[in-house]
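**Q** Letter by letter, the chains look like this.
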Amino acid sequence: MFALLQFLWPTLIAGLCLALICGPLGTFVVWRRMAYLGDALAHAAFLGVALGLAWQMSLPIPIIALCLLVALALVALEQISQFAQDTLLGILAHTTLSIGLMIASQLSGRGLNMNALLFGDILAVSPQDALWMAVGSLLVLFILYKLWYRLLKITISEDIAAAEGMKVVPIKLALTGLIALVIAIAMKVVGVLLITSMMIIPAAAAQPFSRSPEQMVRLSVLISLFAISSGLLLSLQFNFPTGPSIVACAGLSFFVILFVKVGINKWR
Amino acid sequence: MSSLTRAPLLQLHNLGLILGGQRILSAISLDVFASEIVTIIGPNGAGKSSLLKIMLSTLKPSEGQMHQQAKLSIGYLPQHFLLEPTLPINVVRFLRLTHQRFSHEDARRVLNEVGASLLADKAMQSLSGGELQRVLLARTLLINPQLLILDEPMQGVDVRGQAQLYQLLTQIKHQRGCAIVLVSHDLHLVMASTDRVICLNQHICCQGSPHSVQQDPHYQALFAPDTLNQLAIYSHHHDHVHHLDGQVVDGHLVDAHVNCGAKD
Numbered sequence: 001m002f003a004l005l006q007f008l009w010p011t012l013i014a015g016l017c018l019a020l021i022c023g024p025l026g027t028f029v030v031w032r033r034m035a036y037l038g039d040a041l042a043h044a045a046f047l048g049v050a051l052g053l054a055w056q057m058s059l060p061i062p063i064i065a066l067c068l069l070v071a072l073a074l075v076a077l078e079q080i081s082q083f084a085q086d087t088l089l090g091i092l093a094h095t096t097l098s099i100g101l102m103i104a105s106q107l108s109g110r111g112l113n114m115n116a117l118l119f120g121d122i123l124a125v126s127p128q129d130a131l132w133m134a135v136g137s138l139l140v141l142f143i144l145y146k147l148w149y150r151l152l153k154i155t156i157s158e159d160i161a162a163a164e165g166m167k168v169v170p171i172k173l174a175l176t177g178l179i180a181l182v183i184a185i186a187m188k189v190v191g192v193l194l195i196t197s198m199m200i201i202p203a204a205a206a207q208p209f210s211r212s213p214e215q216m217v218r219l220s221v222l223i224s225l226f227a228i229s230s231g232l233l234l235s236l237q238f239n240f241p242t243g244p245s246i247v248a249c250a251g252l253s254f255f256v257i258l259f260v261k262v263g264i265n266k267w268r
Numbered sequence: 001m002s003s004l005t006r007a008p009l010l011q012l013h014n015l016g017l018i019l020g021g022q023r024i025l026s027a028i029s030l031d032v033f034a035s036e037i038v039t040i041i042g043p044n045g046a047g048k049s050s051l052l053k054i055m056l057s058t059l060k061p062s063e064g065q066m067h068q069q070a071k072l073s074i075g076y077l078p079q080h081f082l083l084e085p086t087l088p089i090n091v092v093r094f095l096r097l098t099h100q101r102f103s104h105e106d107a108r109r110v111l112n113e114v115g116a117s118l119l120a121d122k123a124m125q126s127l128s129g130g131e132l133q134r135v136l137l138a139r140t141l142l143i144n145p146q147l148l149i150l151d152e153p154m155q156g157v158d159v160r161g162q163a164q165l166y167q168l169l170t171q172i173k174h175q176r177g178c179a180i181v182l183v184s185h186d187l188h189l190v191m192a193s194t195d196r197v198i199c200l201n202q203h204i205c206c207q208g209s210p211h212s213v214q215q216d217p218h219y220q221a222l223f224a225p226d227t228l229n230q231l232a233i234y235s236h237h238h239d240h241v242h243h244l245d246g247q248v249v250d251g252h253l254v255d256a257h258v259n260c261g262a263k264d
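Chain order of the listed sequences is A and B. Number 132 in my numbering belongs to position 132 of the first sequence; there are no gaps in the numbering. Number 186 in my numbering belongs to position 186 of the second sequence; there are no gaps in the numbering.
Okay, chain B solo, but in the shape it has when bound (with noise of 0.2 angstroms):
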C-alpha cells in the first residue's frame, strides 16, 4: 500500500478535544499524505473547524496526539474571512503581507497560478466571493506549502465557480504534490476532485471515497434530508454543469461497486 511507502504529512491519534465542559471531538485518528485531496463534511457544529485549528497547531487537543512532519509548511484559508472596509489595501499588497520577504512578482506569480491576474492592483473590498476565495487560496500558496487547509473554500461562490475552483484545486494538488485538506458542506461537487472524504460528527461517523462514504448508513442518517434536497438542486443545475462536471457522473457509475469503508 501507498500508505506504507511514504510517511504521512500529518498524524493524529485518537484525539479528543473539550472546549468548556462540552465535548466538540473525540477519538479522531486520521493521517494525510502528500498529493492527496482529503475533504471533511459533517452538519453544522461536528467540529470541522476545530478539527483543522488544531491541524493548524493553534487548538491544544485534551486528549490524543499529533505529529507533524519535522518543518511542515501549512497554508490556511480561514472559514470567516471579513476584511474591515476602511482599510484599503489591494490584492498584492494583501498577499505580500503573508511575509516580508515576498515581492510583488512572488505575488503576481500565484495570483497567475489561481488564474487571478487581472485582480492584482484590485481594491480587495471590490471582489465577489469566487475572486476572494481564489485570492485568499493564491495566498496560502506564497509559502509553497506541503499541506493546505482550507476551511469552506467554497462559501460566497457560485455554482459553475465551484466546479472551476475545485478543477483548480485539483490542478494545484498535481503540480505541487501537496496535501489539501478541506471542509466542505455538500458532497456531489467535492466528488470529481476528492480522494478521501470524512464524515464528522464529533467523532469520524464513515470515511472512504466520496462514493462509498455516499452509500454508509452512517451518512445518509446524518445528511438524508439535506441529500434529498441537494439532489433535487443538482438535477436542477445539470444542463449547465455537465459539462464542465462531466466526470462527476462518470465517476458516480464507475465507482458504484466500491465498498463503503466505515470504522468505529
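With the rest of the complex left out, here is chain A (with noise of 0.2 angstroms):
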C-alpha cells in the first residue's frame, strides 16, 4: 500500500488539484457561456505544446502564452469584423489546432506522445508536474478568492457593474487569463479534447441542487473529485485510458443527478 502510494502520489495531487480549480471557473464557463471559449483556448494550447516541444522550453509558458493570444486575438477580431464570436472561435481553434499538428508530425521521436496530449494521462504526472500544478493552482485559487465578488457582479450583469463603477472588461481579461492557466494545468490530466469538459460538466451538474453561487462551485468540486477517484479506479481496474474515464464518470453523475432532480419535480 506504502509502495503504491510511493509511486502514485503526483497522480493524487494533480487530481486533487484539477478539481479544485476546475470547480470554481467551470462555474463561471457554464454561466457566462464560455464553453466554446475553453474549447478554442484548448486547442491553441495545443500549438502551444507542440512550439515549446520544438524550441524546448517548459511547457507552461507556451501553454499560457498561446492561449492569451488567442482570447487577444479574439478581442481584435471582434473589433474589425462582423463575424459572430462563434465563428470568429471556430477559425482561430481549428487553425491553431492544425498549426500544432503540423508541427507536432515533424517532432516525432522528441518525447511527443499524441495520445496523451490530445486526451490526458493521470498516470503519467511526474513529482516535478504535480509541483507546478499545484502551484498553479493555488495562484488560480488566489486570483479567484480576490475576484470572486467583482466576477459574480459582471456575470449578474455588465450593464449594472459599469454603471456602478467598475472596470468590465479588464475582469473579463482577468477571467480569460484564468482559465488560460487551468487549461495549462489540467493538460497533462485530461488532454487538449476533454479539458473544457473537466470544467462545465460538474458545473452543471451540481446546478440542479444548488441554492447560491457559491454552493454551486462546492458542490462542483465534489463531483469532480468523484470523477476524476473513480474514473482513476476504472482505469487502473480495467486499463482504461485515464482521461476518458475521468470525463465518462464525471458525464454519467450529471446525467444521474439530472434525472433525479426531473424525478423529484415530477413527484411533487
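Pairs of lysine-lysine residues, derived as DSSO-like cross-links and limited to a Cα-Cα distance of at most 27 angstroms, are as follows:
#1 B/LYS71 with B/LYS173
#2 A/LYS167 with B/LYS71
#3 B/LYS122 with A/LYS266
#4 B/LYS60 with A/LYS167
#5 A/LYS153 with B/LYS60
#6 B/LYS71 with A/LYS153
#7 A/LYS167 with A/LYS153
#8 B/LYS60 with A/LYS172
#9 A/LYS172 with A/LYS153
#10 A/LYS261 with B/LYS122
#11 A/LYS146 with A/LYS167
#12 A/LYS146 with A/LYS172
#13 A/LYS153 with B/LYS122
For the record, the hints were derived by calculation from the structure and aren't laboratory data.
If you follow the hints, you should be able to join the two separate chains into one complex; please do so.
**A** Right, dumping it as C-alpha cells:
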C-alpha cells in the first residue's frame, strides 16, 4: 500500500488540483456561456505544446502564452469584423490546432506522445509536474478568491457593474487568463480535447441542487473529486485510458443528478 | 424660480454623441434637480439609452460637457436585464451583491420600501416581470441615491402594475427627495407622476409638462400614429384603471391651458 502511494502521489496531487480549480472556474464557464471559448483555448494550447517542444521550452509558458494570444486575437477580431463570436472562435481554434498538428508531425521522437496530449494521462504525471500544478492551482484559487465578488457582479449584469463604476473589461480578461491557466494545468491530466468537459460537466451537474453561487462551486468540486477518483479506479482496474474514464464518470454523474432532479420535480 | 435657488444635481450642456461615424445625439442641454421626475420619451433609436449612459458616465460624449454634483450617488436600472437561468441566486443575495457592506437587514428594508418583502427568499429566476422590476428598483435604493436613472422600468409589467409602479416612484421621490430620470414609451401612463417630459429624437424636440408636450406639434409628428393606437387601447382599459389612476384624467383637464414649452 505504502509503495503504491509512493508511486501514485503525483497522480493524486494532480487529481486534487484539477478538482479544486475546475469546479469554481467551470461555474463561470457555464454561467457566462464560455464553453466554446474554453475549447478554442485548449486547441490553441496544443499549438503551444508543439511550439514548446520544438523550441525545447518548459511547457506551461508557451501554453499560457498561446491561450492569452488567442483570447486577445478574439477581442481584436470582434472589433474589426462583423462575424459572431462562435464563428471567430471556430476559425481560431481549428487554425491553431491544425498548425499545431503540422508542427507536431515534424517532431516524432522528441518526447511527443500524441495520445497523452489529446486525451491526457494522469498516471504519467511526474513529481515536477505535480509540484507545478499545485503552485499553479494555488495561484488560480488566490486570484479567483480576490476577484470572486467582481466576477459574480459582471456575470449578473455587466451594465449594472459598469454603471456602478467597475472596470468590466479587465475583469473579463482576467477570467480568460484564469481559464488559460487552468488549461495549462489540466492539460497533462485530461488532454486538449477533454479539458473543457472537466470545467463544464461538474459545474452543470452541480446546478440542479444548488441554491447559491457558492454552493454550486462546492458541489462541483465534490462532483469533480468523485469523477476523478472513480475514473482513476476504473482505468487502473480495466486498463482504460485515464482521461476518458474521468470524463465519462463526470458525464454519468451529470445525467444521474439531472434525472433525479427531474424525477423529484415530477413527484411534487 | 426654484431652479435658481437650488443647484442642479446634473447639468448637460450642448451635448453630442457620435458612435461609429453615426450621429446619435446632438445639442442636448438639460438640468436635473432634486425631487423631480423627468421622463424621456422618444421613438426607437432616438438615443434615449445612450443619453442615460452618458449621465451614468459609462459613455463619453463626443461634444459638450456634463457636470455632476460632487459625490453624486446614482442608482441605475438597466434596460436589458436578463439573468442567466443557471445561476442560482435568491433575491436577498442578489441585492447584497450591490456592495459588500450591505447586510441582510439592508436588503429587507429596501424590499419593504418597494412593497416586495415577500420576495426575499425567492429565486431571482422565478420572479414575474413586475416583481423583477420592483427588485431592480429596490436594488437602486440600497446606496441611498440622490439620482435614480431608470431605463424603461415598466417593461414586462402589465397596465395595472405600471400604475402601481408609477405611484411607487412618486412616493420614493417625496420620501427620499431624490431625482428620477426614466425612459418610457408611452405618455398617458406617465402623466400623473412625471414633472417634466423630454421628447427626444437625436435632439430635444420639445419639453415641458406632460400635457404641454402632448399638445406640441413636434411630439405629435413623432408619435401621431402611436398615440392614436394608445388612445384606442387606453379607452379599452379605462374601466379597470380609472379608480386607481383617476388623477390622470383630472390632470388632463386642469393642465389644459398650459402652453407648450417647445425649444429647438
